[in-house]
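Chemist: Residues per chain are reported as follows:
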Amino acid sequence: MMNLDAGHLEAIQLSLFVSIASTILVLPVAITTAWLLAQTQFVGKSIVEAFVTMPLVLPPVVTGYFLLIIMGRTGLFGRYLWDAFGIQLSFSWYGAALASAIVSFPLAVRSIRQSFEAINPQYDQVAQTLGVSRSRRFLTLHLPLAMPGIIGGSLLAFARSLGEFGATITFVGNIPGETRTIPLAIYSNLQRPNGETESIILVVCSVILSIAAVVMSEVYLSMKRTSI
Amino acid sequence: MKLEFKLQFRPAPRAKESFDMCVEGCWEGELHVVRGPSGSGKSTLLKLFAGLLTPQAGTITLNDRHLLDTSSQVHVSAEARRIGMVFQESLLFPHLSVERNIFYGNQDREFARLLMHALEIDSIKHAKPGNISGGEQRRVAIARALATKPELLLLDEPFTGLNEELRHSLCGLLEVIQNEYEVGLIIVSHDYVELFDALDSSSIHFIDCGKLIED
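As they're listed, the protein sequences go chains W and Z. Note that the working numbering has the first sequence beginning at 1245, numbered continuously upward. Note that the working numbering has the second sequence beginning at 4, numbered continuously upward.
So that you can see chain Z by itself, here it is in the shape it has in the complex (with noise of 0.2 Å):
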């Protein structure tokens, strides 16, 4: 994954964050944190990088392919991004049931239906979210992000309200995700950064208040 971006973004006058962001990046590598301070402007990045925020000036490029340049008008909405996200809560649509969920973006139902068996909740896909547990649907919240193919993968918090065991599940189902399904990811994460073995210092971003901070 190359995932290059020169962003500058004021948000609303009534939004949560009172700072400007302005940040620039060339990230390449499958795997990349961000770490930060509550409020440092983590989830309004990934939000960014997604679409579903849109910066006053900049650029952003994912593997050669311009999805927002401000300066041509180009501006490559979140539905066509193929970027996928996971909120930090997980956010499982109450209606649907769990393979509901999976199959929402997808097109490819074999797929989506290998990805339940991998990530484990063939089990539970009758299931209504209000009826699993909290591990289990941030696994239903990846597969049904990955179902859609995505180039790129934004989990946001994904180890928050899961215990230490949850944690390193998780963490080794990141890593098996990254490496079967070719899929970058960028996670943002208060702590835990121990957990990936295969994270090196140049993959790990420090944010504060809008600005990205290299070690």
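Only chain W is shown next, with the shape it has when bound in the complex (with noise of 0.2 Å):
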């Protein structure tokens, strides 16, 4: 039998909470990447392109070590922190968001630069000829026509937030109420004698919301192929 008790709920809101963190954290870097890579050409592009799509073929276990190295409290930028704010990363929470972020980073820089790749270039050049500036053409004409598309890519990359493990639990651990999202509880469910009842809810309330993500990504996706 199902039932939705105080540890479950825990692991749905942490879940929610650093999922929506993630995306919150991810969004500026993903546009402005997104945005250089689709309508600038530098020295390096490939290079950079190559650096973004390495958390999707990286080993998310992997990600999580780097991100321990570099910033653990005692990682080459994490002592830093620690010394300077007293801010530490690894087995918090917002570990758990920035693990996310970058697991989820090279998903939603790809959503969001087909949109403005599809973008008719000859938009930018009435703009050029009406006097406006580039900062005030990327505010007012790349990013409203993108929409679509950076909505779909949000959506997109907190689905892949609400699933993430291996980074997660290689960087911040799996603490009850700290850093035990929802794929960590059932984790940590199933290494238990008869943990799979337990691991039901979570594994439904896992679906419904990764389904409702990318459908509505989908949607969004869908807008962008149609409205420019």
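Just so you know, the hints here were simulated from the structure itself, not pulled from any lab data. Every residue gets a Cβ at the ideal spot worked out from N, C-alpha and C, and that includes glycine. Careful: at least some of the hints might be erroneous.
Stated by the list, open to error - Ranges between beta-carbon positions, derived for each pair: (1) W/F1321 x Z/F114: 49 to 59 Å; (2) W/E1361 x Z/F114: 47 to 57 Å; (3) Z/H193 x W/N1364: 17 to 27 Å; (4) Z/P16 x W/Y1338: 46 to 56 Å; (5) W/V1287 x Z/P16: 12 to 22 Å; (6) Z/D211 x W/I1455: 56 to 66 Å; (7) W/V1287 x Z/E27: 32 to 42 Å.
Bring the two chains, given one by one in their own frames, into a single complex with the hints.
Modeler: Structure below.
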């Protein structure tokens, strides 16, 4: 029988919270990267493209390992965060948000980049002849025209964050109430005898949330294809 | 208007044009028409004037203002040239209403409203570009370009896709614009040169394979 207990609710709330934070974190970087890749030419572009795709092909555990080395409390950059601001990313929920953001980054960039690439370049030329600066063109022309793709990409990144497991468990562990998101809670339950029954409700929630996010993402991405 | 230019332009390897452009001229007077077969370099010439393409070598001077001189590294950007351009497709921004399109590059709202009234598009100012006719779109595109008060307005095939009545109406409108707003006009057109009463032979230029052939 499926009963929603406090542990389940905690995992669901934390998952939603981490996924929303991760999406907010990833969006500005993904939009900027996607725009640069779609609208500009620069030396080393293919290296940047490969770097952006990296989290998609690397095992998430490896991503988590790199995060631990770089952003852990004694890591290359993490030690400065700890010394200067007292911020510890490893084994905390914002570390989980960072891990999810990095893993979902390539998906967000791909969707958003496609929407920037779909914009007729002549719109930009018209705006140039109207005396409009590049930054204003980005804000008032490129961003609104790419908006369905940006929303679709955000939902996709959100869905990916909901399902994130490997990088999260490696970087922030599996701490109830702090870093134990739905996938980690399912994993923990399955480690216990008869834990399958307790996992069912989380599995159902996970499936519903993921399907809703992916369907909404597809709706927005198809709006992009038809409207520009 | 006085436009002096001498330009050498080699298109990018995968560009539509397969020839090098080499043009030179000193055009005076408010209205000029450039004719030529399809793919002869007409639109490229307009984009070079507008600053949307950069030639390998050359100079452009508009009303004694140096816009380009490759030998002395002068290159006024398209944003700062004060040269408006109406493209072959009207290219109205689809997410903005007619009015917001016209206000887009404009600093003087009152002037933009006067233009909308003069071009008889104030009744459709709240409409989205997708909901207005081709003739209306063309007038909105012209109003949008004029709203920035350019010194020179370039029109790429403005009569394409319009019926005879709309062609005559647009032609009359362009002559009014030229007189009322003191803006030089360069019109690229396959045909319909006879529509302009004010044109003399020195204002009609023929281009083929990237070379200007003066009559």
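Chemist: Does each hint hold? Answer for all of them.
Modeler: Okay, the hints, checked on the actual structure:
For W/F1321 and Z/F114, the Cβ-Cβ distance of about 54 Å falls inside the hinted range of 49 to 59 Å, so the restraint holds. Here the CB-CB span from W/E1361 to Z/F114 is close to 36 Å, at odds with the stated 47 to 57 Å. A hinted range of 17 to 27 Å holds for the C-beta pair Z/H193 and W/N1364, which are about 23 Å apart. Z/P16 and W/Y1338 have their C-beta atoms about 49 Å apart, which keeps the hinted 46 to 56 Å range intact.
Between W/V1287 and Z/P16 the beta carbons are some 18 Å apart, a value that agrees with the proposed interval 12 to 22 Å. Checking the proposed 56 to 66 Å range against Z/D211 and W/I1455 shows it holds: the Cβ atoms sit about 60 Å from each other. Between W/V1287 and Z/E27 the beta carbon distance is about 35 Å. The supplied range of 32 to 42 Å therefore holds.
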